[in-house]
Amino acid sequence: MIFYLSVALITTLLFYLANLSVKNKYLFAVLFLLFVLFPSLVGGLRDETVGRDLQTYGIEWFYKAVYSRSFPLYIESVSNPEYGYLLLNYVCGSITSNINFFFFITELLKMVLLGMTAIHFRKKIIAPLLVFSYMLYFYWLGLSMMRQSIALCICLYSMTYFFDAKYWQFLLLCLIAYLFHNSAFVFLGVGVMYWIKDIRFSFLINIAAILFLLTNSISILLYLSQTGLVKMELADLYINSGVDIPRTSLFLLFFCFGCLYVCKSKKEGEWDSVVKMLRLTLLYCLFFFIMSAFFEVAFRIAYYQMIVIMVLMPWIFRQSKKNNGRRICMSIYVLLFFYFYYVECQHGAVDTIPYKSIIVGI
Numbered sequence: 001m002i003f004y005l006s007v008a009l010i011t012t013l014l015f016y017l018a019n020l021s022v023k024n025k026y027l028f029a030v031l032f033l034l035f036v037l038f039p040s041l042v043g044g045l046r047d048e049t050v051g052r053d054l055q056t057y058g059i060e061w062f063y064k065a066v067y068s069r070s071f072p073l074y075i076e077s078v079s080n081p082e083y084g085y086l087l088l089n090y091v092c093g094s095i096t097s098n099i100n101f102f103f104f105i106t107e108l109l110k111m112v113l114l115g116m117t118a119i120h121f122r123k124k125i126i127a128p129l130l131v132f133s134y135m136l137y138f139y140w141l142g143l144s145m146m147r148q149s150i151a152l153c154i155c156l157y158s159m160t161y162f163f164d165a166k167y168w169q170f171l172l173l174c175l176i177a178y179l180f181h182n183s184a185f186v187f188l189g190v191g192v193m194y195w196i197k198d199i200r201f202s203f204l205i206n207i208a209a210i211l212f213l214l215t216n217s218i219s220i221l222l223y224l225s226q227t228g229l230v231k232m233e234l235a236d237l238y239i240n241s242g243v244d245i246p247r248t249s250l251f252l253l254f255f256c257f258g259c260l261y262v263c264k265s266k267k268e269g270e271w272d273s274v275v276k277m278l279r280l281t282l283l284y285c286l287f288f289f290i291m292s293a294f295f296e297v298a299f300r301i302a303y304y305q306m307i308v309i310m311v312l313m314p315w316i317f318r319q320s321k322k323n324n325g326r327r328i329c330m331s332i333y334v335l336l337f338f339y340f341y342y343v344e345c346q347h348g349a350v351d352t353i354p355y356k357s358i359i360v361g362i
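Going by the working numbering, the first residue of the sequence shown is number 1, and it counts up by one from there.
Calculated from the structure, these hints are not laboratory results. It cannot be assumed that every hint is accurate.
To be verified - Quick list of the computed label-pair ranges, beta carbon to beta carbon:
(1) G191 / G269: 18 to 24 Å
(2) K25 / Y67: 41 to 47 Å
(3) A293 / K264: 31 to 37 Å
Since the model is a prediction, treat every value here as computed from it, not as a measurement. Note that the Cβ used here is the ideal one computed from N, Cα and C, for glycine as well.
With the hints as constraints, model all of the structure from the sequences given.
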């Protein structure tokens, strides 16, 4: 538990120092390089036993890439449509048969995307808070959830284009993310929420829609299975493969709702727009986390709303009036991430603890 916490704090400190030195391009380059390399090396040097998903597809797919004579043959042997992730496996496997190199490249890719996103938004948000929240919530999880963690970071970076109104670039990055994990298509919902947020009674309409889906979800799925749109065995699998509702994440989301009533700003135009979008994002994140009690895949969809929240909450804190309410909200926000990480560690943190590395001797 202490290990990943230390990695998160050191990484956040390195980014904080890099962010302070952004006007000195040489010092910034050195510190930013340390920021991306440190957690990338930690992830890259880990043993093959660290991470639950490694035991299901991670190791097998990499070594298939090593011994495949061509990329089309590799795709055929794996039979998976996530071609971006397969291409990354194949390129790394063509360079070396050492799986730690592949681990390192995947972590490096994610950290570069995280760093570029934080730097892009640094004048509007508390950028180190974005890095800190990602490290405690997603970094260790990404050591297991390899495909989706890359897709999440690509989607995170796509927000830099979305909020600059560069929608074609945003769509292109969403497509690339989809090629790493097919669940990334739901990130297009960010655009939908942005455009419907100003509709009159939008929030109340969405609450009503969510309540309807919550109370009728199983009936809807059974109806779809009867019509043939969803296979009966697939419907049965979804209904009976639920996970426990992630209560710590729910606490965090409800607290974020509360912060919107405590933190205020004099800049009404942009502030109101961000608050409306954040409310909708929080609402749907809550919905998908609650739905994970019925459908296991729902919690993976909630992660896409979570990365938006990790950008918008530091924006709220940065743009709100500096008073005791703001300071208290920020402190509790940080503590809730500590608490989330602590609870996850008590449940094994998807087999990423204890951290082991034969190379380092841990």
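Verification of the supplied hints:
Between G191 and G269 the Cβ separation comes to about 20 Å, which falls inside the hinted range of 18 to 24 Å. Separation of K25 from Y67 is about 44 Å and conforms to the stated range, judged on CB atoms against 41 to 47 Å. With their beta carbons about 35 Å apart, A293 and K264 fall inside the hinted range of 31 to 37 Å.
Going down the numbered hints, you'll see the structure goes against none, and every one checks out.
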